[in-house]
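Visitor: These are the residues of each chain, in order.
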Amino acid sequence: MAMVKDISLAEVQQLGHALDAAVGTFQMDEQTFRTFYDRTARLLWSYLYRMGGNNGALADDLMQESYYRFLRIRLPEMNQDYMKNYLFRIGTNLLRDHWRQGKNAPVPLVEAASASRPVGSAVKQNSEGSSNEGTEDKIHAQSDMGRVLQKMKPRERELLWLAYVEGSSHREIAEIVGLKEQSIRTMLFRARNKMAGLLRGRGLVSKAQ
Amino acid sequence: MNLQQCEKEALVIDAARRGEWAEGLRAHTADCPVCSDAALAAQFLVEMQESDLAEVKVPSAGWMWWRAQLMAKRAAAERATQPITLVEQMAGACAALSLIGVLIWQWHAIRGWLATLGGTWQSGGYAAYSHVASRVQDSSMLVLVSAGAFVVFLAVAAYLIWAEEK
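As they're listed, the protein sequences go chains V and L.
The first sequence runs 1 to 209 under my numbering.
The second sequence runs 1 to 166 under my numbering.
Simulated from the structure, these hints should not be mistaken for laboratory data.
Think of the CB as a built atom: it goes at the ideal place given N, C-alpha and C, for glycine as much as any other residue.
Misleading hints may appear alongside valid ones.
Claimed, not checked - Listed below are the simulated EDC-like cross-link pairs for lysine to aspartate or glutamate, each with C-alpha atoms no more than 16 Å apart in a straight line:
hint : chain 1 : residue 1 : chain 2 : residue 2
1    : L       : 57        : V       : 61
2    : L       : 57        : V       : 175
3    : L       : 57        : V       : 60
Unchecked claim - Selected chain L positions facing chain V (in silico; Cβ < 10 Å):
hint : residue
4    : 46
5    : 111
6    : 115
To be verified - Footprint (simulated), chain V over chain L, 3 or more residues, beta carbon under 8 Å:
hint : region
7    : 6-18
8    : 64-71
Throw the hints in and build the complete structure from the sequences for me.
Guide: See below:
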């Protein structure tokens, strides 16, 4: 049975004022937001999707929450790059909160990767037989990609993604993940070695070779 | 170059991200373990992002703006009604405490009344029926008045709803 709350006229007016004030809560105007969103939304979604274990629904939710929190924060004047870093920082923190609450494991990757994602050509197989473009090979390659990410810790994935996909500097990465800038270099080195070892272990080599 | 870093690493990562390799850089990457690992990892991850960007359909900026405003309004409404909810909870707690207090204070009288009721009930079905029937007759006027008030209340509520819709 629905509960109906008695509310006085004064309370209704108070509520109305609060709602009117909420509309003007955002520091950013709509046009600026649209420009910023169009530039960052897909990048943020991809980051949240891969860091969150190829979970599309989770990426959708966290992206929405990230933009909402971003709009609510009173930021000083800053350029678009800094705003983007700030947005990624919010997304990273939301992901961690999600894992801390134990809502689901961070890396259910293999099935999701092999189920839906196509494989491109940037990383090539290092054997004669695997140059074949058949569906079966693609599925195997997708599973390999999923397994490689599954072996990485969430923090390692974040560092590598930010450095190599987003092209962030060590200082920017430190701000996004909340670590000291000095420790980023070593952690990135270890993560890169680990990922390269895993990729080579599956017969993958760089296009530069 | 040291074990962790190479001065050409940034160039290699940039080339790997864009997929455009200068011949000298390609040769360097093949020889340098740092750049080779960086190129491999970068290509692997960039490829993943490319496949995501090709497939993903994010909501429009207008929808996201509207959604954020809605969430802000909801949060504001929750904040505004928090004191009302608090007062309601306090009133409920006070009522419960008062009831417990009255029960404790008047316990002897209540126990006596319950004992009388029990005695009446035990004295036989007919006696109990007569007792209840007489009570009902005594209170029939009260029931009629309550029913009348309820009907008037319903009529007023119906009128208010009709007036609001109009």
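Visitor: A separate judgement is required for each hint: does it hold in the structure or not?
Guide: Structure-based check of each hint:
1. 57(L) <-> 61(V): holds (14 Å)
2. 57(L) <-> 175(V): Violated, because 28 Å separates the two Cα atoms, which is more than 16 Å.
3. 57(L) <-> 60(V): Given pair residue 57(L), residue 60(V) holds - Cα atoms ~10 Å apart, limit 16 Å.
4. 46: Because about 6 Å separates residue 46(L) from the closest Cβ in chain V, which is inside the 10 Å limit, the hint holds.
5. 111: Residue 111(L) check fails; min Cβ-Cβ to chain V is 35 Å, beyond 10 Å.
6. 115: For residue 115(L), the interface hint is violated, since the closest Cβ of chain V sits about 37 Å away, which is over 10 Å.
7. 6-18: holds (count 6)
8. 64-71: holds (count 6)
Hint violations for this structure: numbers 2, 5 and 6, all remaining hints satisfied.
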